[in-house]
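S.K.: Listed here are the chains, written in short residue letters.
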Amino acid sequence: MRIINRTPSRRTAVLLGLLPFAALIVSYAIASHYRRLDNPADKLLPSLGDMASTFWSMAFVADKRSGDYLLLGDTLDSLWRLGAGVGTATLIALVLGIAIGFIPHIRSSLAPFIASFSLIPPITILPILFIIFGLGEVSKVVLIVVGTAPVMVRSVAQAVMNIPRELIIKAETLGASVWQMTTRLVLPQILPHLITAIRLGLVPAWIFLISAEAIASTSGLGYRIFLVRRYLAMDVILPYVIWITLLAYLIDRLLLIVSRRAFPWHHAGGNSL
Amino acid sequence: MNRNFLKSICFAAALALPLAPLSVQAAEKTDFKVCWSIYVGWMPWGYLQDSGIMKKWADKYGISVDIVQINDYVESINQYTAGEYDGCSMTNMDALSIPAGGGVDTTALIVGDYSNGNDGIILKDKKTLADIKGQKVNLVELSVSHYLLARALETVSMSEKDITVVNTSDADMIAAYATPDVTAVVTWNPLLSEIVAQDNATEVFNSSGIPGEIIDIMMVNTETLKDNPNFGKALVGAWYELMGIMSSDSEEGKKARTAMAEASGTDLAGYDAQLSTTKMFFTPADAVTFTAAAELPKTMKFVAEFLFDKGILGEGAPSPEFVGVSFPDGSIYGDKNNVKLRFDTTYMKMAADGGL
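Residue numbers (the numbering used here), protein chains in the order written: chain L, 1 to 273; chain D, 274 to 629.
If you are wondering where the hints come from, they were derived from the structure by calculation, not from laboratory data. There may be inaccurate statements among the hints.
Partner residues are not named here, just some residues of chain D that face chain L (Cβ under 10 Å, in silico) [claimed, not checked]:
| hint | residue |
| --- | --- |
| 1 | Gly-356 |
| 2 | Val-438 |
| 3 | Ala-449 |
| 4 | Gly-584 |
Sample of chain L residues lacking proximity to chain D, with all beta carbon distances greater than 12 Å (derived) [unchecked claim]:
| hint | residue |
| --- | --- |
| 5 | Val-95 |
| 6 | Ser-116 |
| 7 | Arg-154 |
| 8 | Thr-173 |
| 9 | Gly-175 |
| 10 | Ala-176 |
| 11 | Pro-192 |
| 12 | Ile-242 |
| 13 | Ala-248 |
| 14 | Arg-253 |
| 15 | His-266 |
Okay, the calculated bits of chain D under chain L, using three or more residues with CB under 8 Å as the criterion [said to hold, decoys possible]:
| hint | stretch |
| --- | --- |
| 16 | 373-384 |
| 17 | 414-426 |
| 18 | 440-446 |
| 19 | 452-462 |
Beta carbons: idealized from backbone N, C-alpha and C, even for Gly.
Chain L on its own, in the form it takes in the complex (with noise of 0.2 Å):
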């Protein structure tokens, strides 16, 4: 049988997925090892019982200046900024995505605007920000929204006029007002859209959140790598790459089980990642 028509068992694939995985934890173990031989307080790749027990303390421990977990704090800080901004990048490419995607003028008064503004990196223009919007939260917010609306109101507005055109005739034979036609015929089809779309932004949003709370921060996630790089605490940092990476992975899955769930219809191809 030719190896494309050969499909693993669920047991081999389960066991395949893995085997990335645990030749990265072999390899690293073993450069952690050799360095360690050199000089047992080696602080660039430290063994993972030191990784697990730093992790325990930042996780379990109460600080002993603050008396706060700090990983707890770190991460409900960094998850709410990330949701704020994610949320309100949302909302923006839902409303600015269905307006440009079904209402001509719009579209050609915007979409020239949001393509090009989709393309300046947002770090650069941070000092304005700063300016604008302070040093507290609101800065770092907005440069999420900066950082991933205009993808995504790009892969709505795509998503709308993607809708058959046959769909949009119906209804207005059937006398729809664009009103009508926006809510119950646009909104639904471009729901599960939406959904990848944040996924996708996802992506970015998390780059520009690290990237935010390095620069000016009293706690998050970001704040605490870039706090604890100054004397190279890889014991600290690379558990918290991997926090970070597993809560990433999380809102990911969550998000595909909500749209698989929510709309069973646009799954109804087939495979998909």
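Since the structure of chain L is provided, determine the placement of chain D on it from the hints.
M.R.: Just chain D now, kept in the frame of chain L:
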């Protein structure tokens, strides 16, 4: 499946091997690399390389020394700690927290200068240090700025509980000061003079209030130095030859300072202004006197306690005395069995006695 697993282990081992031997132990060698980053007291390192003075001294001892500039200060220390360089310019505080705290035995080869006003606290629209109470203070957390703030607060019977520290990248410090909600910053030169120049800014405390506590030093790997005394001799010899040139009012001295000024993005007047808030040890005798003085162990005790209080000496550190620091008179602060930072005047003394 099993075969796949075995294969992946072999692959992993192959991948890991090049990572492992980064810090192969020195023994005798002839090629050395040291790194530095932009700071008024370290600009001579760049000039040593460009002017050929370093090469002259390295040739004299039959070795080669490459002096590399690294754009990011913390990154340069990290590279040194990871074993990429044999020496690196850094402050006494960062030497204790990063390489020494990370188990890399480090020796202070050349004590170059201390900050005598190069680090300062600035308040917006307020005139005295006591006004800082209750404010948000923007600074690079866990840096010498943070240490300076902690020491300054002690002088007015306050502690960090009376303020809120906001970690702010040095690259964004000037832009941050321009925003309305930033009312207090702690930073270093040349950012400091840039911010002080603004109308609403008052410098309420600077490092001349804690003289000799923020020290800028060429740190080298102790083991490398022990196996290769010529490396130490060449560096020290070259450094003090340039110090002699630089401090003179001669044409040659002016030329050297102008080159250093240009390399740090200012002009001769600007660089001389920065030098005036830096206590340079232009002669090896001055450096030896300072390093051997009784104040240094007290300073290092302050620094170790500050680092421990902030949790920087590592999660496993049970007390500020976790990492030992040795001084020229043989005394030791902290754990005698874990001495990782050594102040040693041997090589500077050779220069002072003309023995190089």
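S.K.: All hints, please: hold or fail.
M.R.: Do the hints match the structure? See the list:
1. Among the interface hints, the one on Gly-356 (chain D) holds; its C-beta lies about 8 Å from the nearest C-beta in chain L, closer than the 10 Å criterion.
2. Given hint, Val-438 (chain D) at the interface with chain L, holds; its Cβ is 7 Å from that chain's nearest Cβ, closer than 10 Å.
3. Interface restraint check: Ala-449 (chain D) against chain L, minimum CB-CB distance 6 Å, threshold 10 Å, status holds.
4. The criterion of a C-beta within 10 Å of any C-beta in chain L is met by Gly-584 (chain D), whose closest approach is roughly 7 Å, and the hint holds.
5. Taking the minimum C-beta to C-beta distance to chain D, about 30 Å, the non-interface status of Val-95 (chain L) holds against the 12 Å cut.
6. The non-interface label for Ser-116 (chain L) is consistent with chain D: the shortest C-beta to C-beta separation is roughly 25 Å, beyond 12 Å.
7. The Cβ of Arg-154 (chain L) lies farther than 12 Å from every Cβ of chain D, with a closest approach of about 30 Å, so its non-interface assignment holds.
8. No beta-carbon of chain D is positioned within 12 Å of the beta-carbon of Thr-173 (chain L); the least distance is around 56 Å.
9. With a minimum CB-CB distance of about 54 Å to chain D, Gly-175 (chain L) clears the 12 Å threshold, and the non-interface call stands.
10. No beta-carbon of chain D comes within 12 Å of the beta-carbon of Ala-176 (chain L); the shortest separation is about 49 Å.
11. Distance check on Pro-192 (chain L): its Cβ is at least 37 Å (rounded) from any Cβ of chain D, clearing the 12 Å threshold; non-interface status holds.
12. Under the 12 Å C-beta cut-off, the non-interface status given to Ile-242 (chain L) relative to chain D holds; the minimum distance is some 17 Å.
13. Listed as outside the interface, Ala-248 (chain L) is consistent with that label: its C-beta sits roughly 23 Å from the nearest C-beta of chain D, beyond the 12 Å cut-off.
14. No beta-carbon of chain D is positioned within 12 Å of the beta-carbon of Arg-253 (chain L); the least distance is around 25 Å.
15. The non-interface label for His-266 (chain L) is consistent with chain D: the shortest C-beta to C-beta separation is roughly 36 Å, beyond 12 Å.
16. For a cut-off of 8 Å, the count of residues in the stretch 373-384 of chain D with a CB near a CB of chain L stands at 4, and the three-residue condition holds.
17. With 3 residues having a Cβ less than 8 Å from any Cβ of chain L, the stretch 414-426 of chain D passes the three-residue criterion, so the hint holds.
18. Coverage of the stretch 440-446 of chain D by chain L holds [criterion: at least 3 residues with CB-CB distance below 8 Å; count 4].
19. For the stretch 452-462 of chain D, the stated coverage by chain L holds: 4 residues have a C-beta nearer than 8 Å to a C-beta of that chain, and at least 3 were required.
In the structure shown, no violation is registered for any of the earlier numbered hints.
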